[in-house]
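If you read the protein sequences in the order shown, they are chains A and B.
All residue numbers for the first sequence refer to the numbering used here, where the first residue is 14 and numbers rise by one.
All residue numbers for the second sequence refer to the numbering used here, where the first residue is 17 and numbers rise by one.
A few chain A residues facing chain B, derived, Cβ under 8 Å: (1) 94; (2) 111; (3) 155; (4) 157.
Keep in mind that the hints were calculated from the coordinates and are not lab data.
Positions of the beta carbon are idealized from the N, C-alpha and C atoms, including for glycine.
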Amino acid sequence: MESLLQHLDRFSELLAVSSTTHVSTWDPATVRRALQWARYLRHIHRRFGRHGPIRMALERRLHNQWRQEGGFGRGPVPGLANFQALGHCDVLLSLRLLENRALGDASRYHLVQQLFPGPGVRDADEETLQESLARLARRRSAVHLLRFNGYRENPNLQEDSLMKTQAELLLERLQEVGKAEAERPARFLSSLWERLPQNNFLKVIAVALLQPPVSPRPQEELEPSIHKSPGEGSQVLVHWLLGNSEVFAAFCRALPAGLLTLVTSRHPSLSPVYLGLLTDWGQRLHYDLQKGIWVGTESQDVPWEELHNRFQSLCQAPPPLKDKVLTALETCKAQDGDFEVPGLSIWTDLLLALRNGAFRERQVLGLSPGLSSV
Amino acid sequence: MAQDSVDLSCDYQFWMQKLSIWDQASTLETQQDTCLHLAQFQEFLRKMYEALKEMDSNTVLERFPTIGQLLAKACWNPFILAYDESQKILIWCLCCLINKEPQNSGQSKLNSWIQGVLSHILSALRFDKEVALFTQGLGYAPIDYYPGLLKNMVLSLASELRENHLNGFNTQRRMAPERVASLSRVCVPLITLPDIDPLVEALLICHGREPQEILQPEFFEAVNEAILLKKISLPMSAVVCLWLRHLPSLEKAMLHLFEKLISSERNCLRRIECFIKDSSLPQAACHPAIFRVVDEMFRCALLETDGAPEIIATIQVFTQCFVEALEKESKQLRFALKTYFPYTSPSLAMVLLRDPQDIPRGHWLQTLKHISELLREAVEDQTHGSRGGPFESWFLFIHFGGWAEMVAEQLLMSAAEPPTALLWLLAFYYGPRDERQQRAQTMVQVKAVLGHLLAMSRSSSLSAQDLQTVAGQGTDTDLRAPAQQLIRHLLLNFLLWAPEGHTIAWDVITLMAHTAEITHEIIGFLDQTLYRWNRLGIESPRSEKLARELLKELRTQV
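Let the sequences and hints guide you as you build the complete structure.
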């Protein structure tokens, strides 16, 4: 076992080095050895992927490595992403070497011969490296073809395939972090927040929070997820959002109303904070007598339309949330003086607008114009 | 060798031109043209590789100075890269160009350029920068998430198609026909990539509200080809949709089956059954439109081969598999019998479709008489302006081997006077084209033979000579071919069932089988009889043993 773990250590170093200029010192023999190690590890993964103790030992070793590198949040992991990555570690290594311009001519030539020996080289049990690379190339063109000939960004973000994939990756990474105990997940998320494009990150979080509870990411060799369920990842995200008011404010600001409603319905612990934010935003607006509308004082204030939109969307949500929202609005209206006349309290006006909107909607749909529950 | 290399040069020019026209295959025309030539181009690449691997880098460039251009153009055409093994062969060809020890900057540059192309083939697609940053930021390489991304894209497109199918009138969610057509074109090179299956299935099953066919014919052809060669596995519902939407595919599937049957061992019904079940055609035929096309093709085959026994056997096995499949269909989805056999009287169709196993053995004779009456009525009835006349009735009857093959046996088994109805049926089965006179004559001859056989079965000893005389074969040239065959089969039946039959069986057969054709016929008869006994659960160890031995012996003779 110990020799296996050392092997893993050495390979991780190798992999890290493979994308640096250090490879200029590698001769063909080194290249061949590196590929052999990779093939060995891949074989190990295949044989012991389901074997509890061995798998756990390997995972622990990988987590150790990451901890030594300073945790996840520092940037792209130079070594293996996770245990599953062992299943294609030879492909990883091959690609890095192929793209590395620093590799010498003789070594490169040798590398290419190793990777693409030509027809007639078949392995009965395992897919050869050549086949794996060919399949990667084929899948790449599949993605290319679909992207440019049929793909359309889905207006429902949570159903968009690019978004879903990113969300799945995030949830998986959170799971790893939880297992590795390299750092508290919150710290990891905060470091991501600082490093990554924030708008996209927020969308991914929202989509991640809306993922169905089961189905782990598909792998070439299916492995049962013997550790925590992906549902835990959502919990971690919710906790983090609740603990970071700045992030949550950006979250609520940047994302469309419909999406937020779905997220809040799914994760009720978010609703009080969301409503609180909306209330704050509402209170910043004042009534402009001349124009006859509610306006903000500063440019970053949330305008009336957006506020209205969000409340409208929330009122279309199923019962527990919808009732909470209405109660909150009524309470605010009462605090303001319980006016029925427009222009005095934004909460009155909002409730009026919502009632009218609902009325008009029922008219359009041909439903009875009786009192809606609003 | 020299001829090969001349061919290669010609092909080279041709493909160079084609690739230049196709460019990146971004228009409808270039996509369609590329799809049409994918297989041939791959063949060309293979030949190129075979030629290139024998040379070193410098020789390659001397021989094919523009090879770099050709390969690059191919690599920039995503349809080519997506097809089957083309990406692999392209990589092999590129590797042949790499210089092990570059002597000058030109060669170095070439190496560098090749590296770039290889990277292009294997590297990830440049999505939006944000997505790239995100995945990298999390520490994932494209190889880690590509399978997942592809799966999500495929499932998302499949569910869009399904929604389009269900909510056709909801214009907001409608998928434009051009987009659906485009998707179908894209699937052509990808058809054997398992990740794409859900999309292919959705394309086949979901059709929008357009009155005309949107999917490209090359898509249907590619799917059909993959199904026939077992390179894709789709649910039955998708296959049925394919064959309903694209008639040439169904025809090709039938031809493929015929080819397999022709090239396999003659006269082995068990094998025929395997091939037929394997082809999924019986299940598909539960849909009447498909059944009619299949039946039509069988009819043509029968007419063209002038009633070859192998075709008749195939039809019988097919019908049996079809009926089995029909039983399995849920009752609500079942079509009326009339849709499968529109030119037959419903009562006849119904009785023919009954499985002998479902009827008590004692009633078989009765059922056969009933069948005979109905058939005779259909055949001899002139007033209906016979739809196809006797041939159609005969064609219908031969579908049902369970009944057709049983008549002779039933006649032999009963000691009583052979019923006219059954004699007629037997004569009709073997000689559908006979005029009334000829058929009547045959019936008389058969009755005589049966009488003799009955007498012989009561006597204590049998001799092959006696049997020959009874048959009146060899010398009597009055008997026409159908009657000869009929009597041969009667004799064989007799041999199998008579208690002392085995003693003279081989002698009789030796006398009978004076041509190769007749030997094959006897083999076919024995194989068919054993098959039928097995299916109907007719237990007679002695007869079966005899049949098997004879069959084995005869097979060694041909």
